[in-house]
Amino acid sequence: MSQSAAHDSPACEATAPPADPAHPHTSGQSAEHAKPADGNAADEAAEAPTVDFAGTTPYEDYVQADVLTHLQRPLSDDPGEMVFLVTTQVMELWFTVIVHEWETAAGALRGDDIPVAIAALKRSVRELEALNASWRPLGQLTPAQFNSYRGALGEGSGFQSAMYRRMEFLLGDKSASMLVPHRGAPRVHAELERALAEPSLYDEVLALLARCGRAVPEAVLRRDPSLRYEPDEGVEAVWSEIYGDPDRDEELVRLGEALTDVAELVWRWRNDHLVATRRAMGAKTGTGGSAGVAWLEKRARRNVFPELWTARSHV
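Under the working numbering, the first residue of the sequence shown carries the number 3, and numbering increases by one thereafter.
Hints listed in this document are in silico derivations from the structure and should not be mistaken for laboratory results. In this text, a Cβ means the ideal position worked out from N, Cα and C, and glycines have one as well.
With a cut-off of at most 20 Å between alpha-carbon atoms, the simulated EDC-like pairs for lysine to aspartate or glutamate come out as follows:
1) Lys124 - Glu252
2) Lys286 - Glu157
3) Lys124 - Glu105
4) Lys124 - Glu259
5) Lys300 - Glu170
6) Lys124 - Glu170
7) Lys286 - Glu299
8) Lys300 - Asp274
9) Lys124 - Asp114
10) Lys300 - Asp175
11) Lys124 - Asp263
12) Lys124 - Glu266
13) Lys124 - Glu253
14) Lys286 - Asp274
15) Lys124 - Asp205
16) Lys300 - Glu232
17) Lys300 - Glu266
Cβ pair distances, simulated, as ranges:
18) Asp226 - Phe55: 51 to 57 Å
19) Ser315 - Val92: 34 to 40 Å
20) Asp115 - Ala67: 30 to 36 Å
21) Gly156 - Ala212: 46 to 52 Å
Turn these sequences into a full structure, and let the hints steer you where they fit.
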């Protein structure tokens with residue numbers, strides 16, 4: 003290429019001089035357009051979060067993370083116990099949230115506010131999915147792995163969880179004998195006693211259906227809410243009617259489906275518990291003195307909101 007051609011070439015005009023490490027301004031950017039070295043630092047400072055607080059951070063004040071992360075007290079030297087302990091504590095937190103959602107739904111149903119009830123039930127479905135996923139860290143424990151810290155549990159068992167018992171009571175699975183393990187904790191015992199006496203979530207659903215003009219049997223509406231709910235053919239007929247004519251009241255169908263989603267995930271929770279226990283300890287007696295796998299198998303066969311399942315055979 004000739005010298006004159008080189009000077010006429012646009013590409014030549016756009017070519018930047020090579021960078022010279024000893025002269026920063028020769029990096030292709032003119033000195034007048036070079037950003038001051040402290041410009042980036044100033045921008046970063048402006049964009050950075052607040053880090054200087056007089057006391058604890060607002061996050062800590064709200065979440066109480068320091069409390070949560072210091073509640074773990076392993077009783078063995080086995081590193082796997084920490085996983086078991088934290089996972090169990092996470093489950094307890096999910097129980098708490100789900101109880102809150104179902105109590106919100108029950109209160110909304112008492113006020114005939116079906117949309118609020120459905121919204122709470124749908125939230126609880128996502129929370130149940132997260133709860134069920136908690137079995138993953140524990141679901142493949144071998145007997146040897148579980149035995150390495152099982153002794154630290156003593157007579158402790160998830161069967162004794164007060165918050166899980168409140169979940170079961172809200173589902174209509176009630177038993178006064180389930181209050182006995184909590185006699186030594188007056189506040190917890192009083193909460194469970196109140197939950198036992200109150201109508202379950204499903205009781206509130208059936209009362210709402212009656213107010214909507216559905217033929218819920220009077221005996222069901224007047225039953226003792228402190229007793230376990232038992233399936234009723236009249237209630238089955240009501241759900242069959244609702245599902246058989248969805249155009250009559252689409253909102254009740256949506257309510258039924260939200261309840262069915264909850265029931266399915268509760269069934270999956272019980273089965274995941276059963277499988278995890280079977281893998282970890284076989285048919286041995288449970289730590290809380292139950293029959294272990296045999297007891298869990300019996301509970302896994304029990305349907306939640308039973309007529310929502312059987313009614314489908316008649317639609």
